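Residue strings, one per chain:
Number of protein chains: 2
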Amino acid sequence: MIPERQSVSESVATRLSVYLRCLTLLESEEVRHVSSETLAQRFDLNSAQIRKDLAIFGEFGVRGVGYEVDTLKRHLLGLLGLDRTRRVAIVGAGHLGTALADYGGFHSGEFEIAALFDVDPGKIGTRTRTGVRVYDVSELPGVVESQGIEIGVITVPGEAAAEVAERCFGAGLKAILNFAPVRLNVPPGVRLKNVDLKINLETLSFYIAK
Amino acid sequence: MIPERQSVSESVATRLSVYLRCLTLLESEEVRHVSSETLAQRFDLNSAQIRKDLAIFGEFGVRGVGYEVDTLKRHLLGLLGLDRTRRVAIVGAGHLGTALADYGGFHSGEFEIAALFDVDPGKIGTRTRTGVRVYDVSELPGVVESQGIEIGVITVPGEAAAEVAERCFGAGLKAILNFAPVRLNVPPGVRLKNVDLKINLETLSFYIAK
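Protein chains in written order, with the working numbering: chain L, 11 to 220; chain R, 11 to 220.
Each hint should be verified, as a subset may be incorrect.
If chains are identical, the list can't say which one is meant, so a pair holds when it fits in one copy or spans any two.
[Unchecked claim] 25 Å max Cα-Cα, derived DSS-like pairs, lysine-lysine: (1) K83 / K62; (2) K62 / K203; (3) K220 / K62; (4) K62 / K184; (5) K133 / K83; (6) K203 / K220; (7) K220 / K133; (8) K184 / K220; (9) K220 / K208; (10) K208 / K83.
It should be emphasised that the hints constitute simulated quantities derived from the structure, not laboratory data.
Small disclaimer: the values here were computed from a predicted structure and weren't measured.
Construct all of the structure, not just a fragment, from the sequences and the given hints.
Here it is in structure tokens:
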């Protein structure tokens, strides 16, 4: 019944995360039931799109009642694979990689930054402030295997990103988050997401525009 | 006709940025006209929501023809205030602040990282790799004024974020991007956006979940 995940668009997957946040907030307010209309109104989403997105994965709502907040939240956690900890490797122990390794928002149970990788002998063997160890990038396949790492994060400069991506694919990583401002080619079966930090500045710019 | 910007939700503002990206891509493919249906289908958005979002700001489409790609793109650039360069200050010259100051994606004409601020005497007076200068945080009001800075980015640790936010408000900044994983109170007339980096990992997690 659930479609092949690779055929689901990134827009849908991202919206599932957004719905999860909304439900978590409603749960903290002790709201038990919510309709797609109320959800849409409260968080400025589209009710038809909420129903359509959720219908891809099954029948979660009850006619006239809406969604049970805790049940739907649990379903979304399962759909997003957040019902267990996923281990993450960051390749590129520069400022961005080190910042992400120590980033509070990433250390929340669902994800664990297991290792950093770099080519700089001065960094290899050191640890970040929160204790994440920096390995030689040549050790990537072994560490991914032994530590059960599933997600790779690319934080190297643009000119090194393509080679690093190849190393990640070679190590068997099937999900890559790319912070380098370049487009990367991926083999079939691998999911790559480019992080767009500028969209945050653009959203803010809207409010100060005249 | 255009509503008070502060009354427009962050979801709408963010979607305007998304539409702008879609139109930029279509323009590069030399597509001249696009309907809300085609836009929705191509980028997995919702056509009714696209029409509703744009209708807030005016009548951009032509019945039976859809939107003119370059006209709508120009309108969105204006709405988002991206028709001129906005100057940005980053407070917190640690790994994240330094990474953002040098981040290629931020240096693209619409935004200019004008200054970094910190309290560490060892950092004050230095410059990042791309030449952004680090000032003493006490100089924030003066530098904001003299350099025409409009947006503040908070990249200090969580425990220092509230005080830094106060300094930003005091310096007259009306738009704040907060990377610290804490909720901040803002006075009326100031827009604050919390950056959620985890949503990127969650989206990826969906594709490797079983």
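**Prompt:** Tell me, which hint numbers fail for this structure?
**Reply:** Structure breaks hints 4, 5 and 7.
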